[in-house]
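Asks: 1 is the number of the first residue of the sequence shown in the numbering used here; add one for each residue after it.
Certain hints may be false.
Okay, the calculated beta carbon distance ranges per label pair [stated by the list, open to error]:
id, residue 1, residue 2, range
1, R165, E94, 52 to 58 angstroms
2, D135, D34, 48 to 54 angstroms
3, E299, D13, 45 to 51 angstroms
4, Q143, A73, 57 to 63 angstroms
5, E299, Q48, 40 to 46 angstroms
6, V31, E288, 19 to 25 angstroms
Here are the simulated EDC-like pairs of lysine to aspartate or glutamate, each with C-alpha atoms no more than 16 angstroms apart in a straight line [unchecked claim]:
id, residue 1, residue 2
7, K82, E273
8, K217, E121
9, K217, E273
10, K184, E94
Since the hints were derived computationally from the structure, they do not count as laboratory data.
Note that the Cβ used here is the ideal one computed from N, Cα and C, for glycine as well.
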Amino acid sequence: MTSHPGVEGDGLDRYQHELHPAFVERVTSWVDRDDLHGLLDRLRGHVQRRPFMDACAEAIVADQFDRQGCELAVEVPTPNGKSCDLRVRRDGLEFFVHIKRLHSARRSRRIRISPRLRVLEGIRRPWLVRVRWADGLSDADMQELVVRCSDFLHHARVGDELTVRSEQGRELGGIRVVAPWEGKTVSLAIGLPEGFQERGERIRRLMDRATRQFMPKSTNIVLVATPYADDLADFDSALLGSNVEQWDAARAPGQRVNWGRAEDGFWQGRAREMSRVMGWFRFRPLAEGLQCTLRFRDEKDSPLRSLLLACLASPGSTE
Numbered sequence: 001m002t003s004h005p006g007v008e009g010d011g012l013d014r015y016q017h018e019l020h021p022a023f024v025e026r027v028t029s030w031v032d033r034d035d036l037h038g039l040l041d042r043l044r045g046h047v048q049r050r051p052f053m054d055a056c057a058e059a060i061v062a063d064q065f066d067r068q069g070c071e072l073a074v075e076v077p078t079p080n081g082k083s084c085d086l087r088v089r090r091d092g093l094e095f096f097v098h099i100k101r102l103h104s105a106r107r108s109r110r111i112r113i114s115p116r117l118r119v120l121e122g123i124r125r126p127w128l129v130r131v132r133w134a135d136g137l138s139d140a141d142m143q144e145l146v147v148r149c150s151d152f153l154h155h156a157r158v159g160d161e162l163t164v165r166s167e168q169g170r171e172l173g174g175i176r177v178v179a180p181w182e183g184k185t186v187s188l189a190i191g192l193p194e195g196f197q198e199r200g201e202r203i204r205r206l207m208d209r210a211t212r213q214f215m216p217k218s219t220n221i222v223l224v225a226t227p228y229a230d231d232l233a234d235f236d237s238a239l240l241g242s243n244v245e246q247w248d249a250a251r252a253p254g255q256r257v258n259w260g261r262a263e264d265g266f267w268q269g270r271a272r273e274m275s276r277v278m279g280w281f282r283f284r285p286l287a288e289g290l291q292c293t294l295r296f297r298d299e300k301d302s303p304l305r306s307l308l309l310a311c312l313a314s315p316g317s318t319e
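Let's have the full structure, built from the sequences with the hints guiding it.
Replies: Set out below in structure tokens:
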């Protein structure tokens with residue numbers, strides 16, 4: 001289905017209040033662009049929110065490359081019957097971009113956060129921690145949840161998870177140690193009131209889907225869009241491997257625990273050799289501009305690396 005500018009009720013009209021005004025203005029100007037009008041037609045044609053936002057994620061990336069002076073083509077067919085979201089050319093380089101959006105499992109609703117949970121942020125463990133709780137907890141139940149989570153954090157390791165239940169067996173909530181981080185105390189991320197979701201596995205499936213759409217014998221870039229800032233830890237776990245604690249008896253006391261990666265990452269060993277660059281960005285349609293965190297399989301500098309950093313990345317966003 002396609003529509004035309006000015007038609008009441010098309011996708012862009014319906015959802016433009018959720019988009020940055022400057023982005024909407026630039027996108028609507030694509031009507032006269034041979035290279036990008038097809039993506040504009042898709043935005044206008046999708047009146048259901050989920051497919052519209054999928055197309056919007058692609059449009060945000062296309063807009064970013066376009067503003068950086070790149071030559072673009074959309075929905076480029078591959079010899080195996082698939083298609084690439086974008087073909088990008090600049091400075092004598094050509095590569096194909098695949099954009100995948102992780103759909104939110106969290107309901108869009110206001111969540112009341114108890115100040116009791118902030119006690120957990122004072123615990124001296126260098127971890128990113130997700131905590132969740134059942135709807136409608138009394139103050140006494142929340143206090144019980146915090147006490148149990150606090151006790152757990154003092155002996156837990158990265159990757160451990162606890163479900164807290166009342167004496168009657170009713171689930172109060174839970175906690176998961178997601179990853180190490182650079183601080184000295186716990187960094188708290190709000191999890192899912194309905195229960196933990198294995199977001200890393202869902203991101204991994206998006207990576208697999210993207211690689212099946214690769215243009216053969218070409219450079220392919222995968223960008224994964226997710227709605228929450230703490231999803232970067234799940235992206236890195238899916239790509240590089242789960243976080244694990246490693247014990248090194250040869251190091252000085254107090255320094256013997258080190259953080260490493262398990263051998264379960266998307267890039268583990270020689271797996272998926274065609275995949276050399278992956279990126280993550282937080283999907284925020286109301287924000288202006290795009291800043292990706294990029295991961296490069298090759299450490300050495302290259303013209304492609306420099307171009308992608310210039311077009312997509314914020315300072316300090318590579319590994």
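Asks: All hints, please: hold or fail.
Replies: Evaluation of the provided hints:
For the hinted restraint 52 to 58 angstroms between R165 and E94, the CB-CB distance of approximately 56 angstroms keeps it satisfied. One distance hint, 48 to 54 angstroms for the beta-carbon pair D135 and D34, holds here, with the actual separation near 51 angstroms. As the Cβ distance of E299 to D13 is approximately 47 angstroms, the hint placing it in 45 to 51 angstroms holds. At roughly 58 angstroms, the beta carbons of Q143 and A73 sit within the given window of 57 to 63 angstroms.
Distance hint for E299 and Q48: a CB-CB separation of about 42 angstroms, consistent with the stated range 40 to 46 angstroms. Distance hint for V31 and E288: a CB-CB separation of about 21 angstroms, consistent with the stated range 19 to 25 angstroms. Only pairs whose Cα atoms come within 16 angstroms are accepted, and K82 paired with E273 is rejected, the gap being roughly 19 angstroms. In summary, the hint linking K217 to E121 is not supported, as the alpha carbons are separated by about 49 angstroms, beyond the 16 angstroms threshold.
For the hint pairing K217 with E273, the CA-to-CA distance comes to about 12 angstroms; that is within 16 angstroms, so the pair holds. Annotation: proposed proximity of K184 to E94 is violated, straight-line Cα distance about 43 angstroms (limit 16 angstroms).
Checked against the numbered hints given earlier, this structure breaks hints 7, 8, 10; the rest are met.
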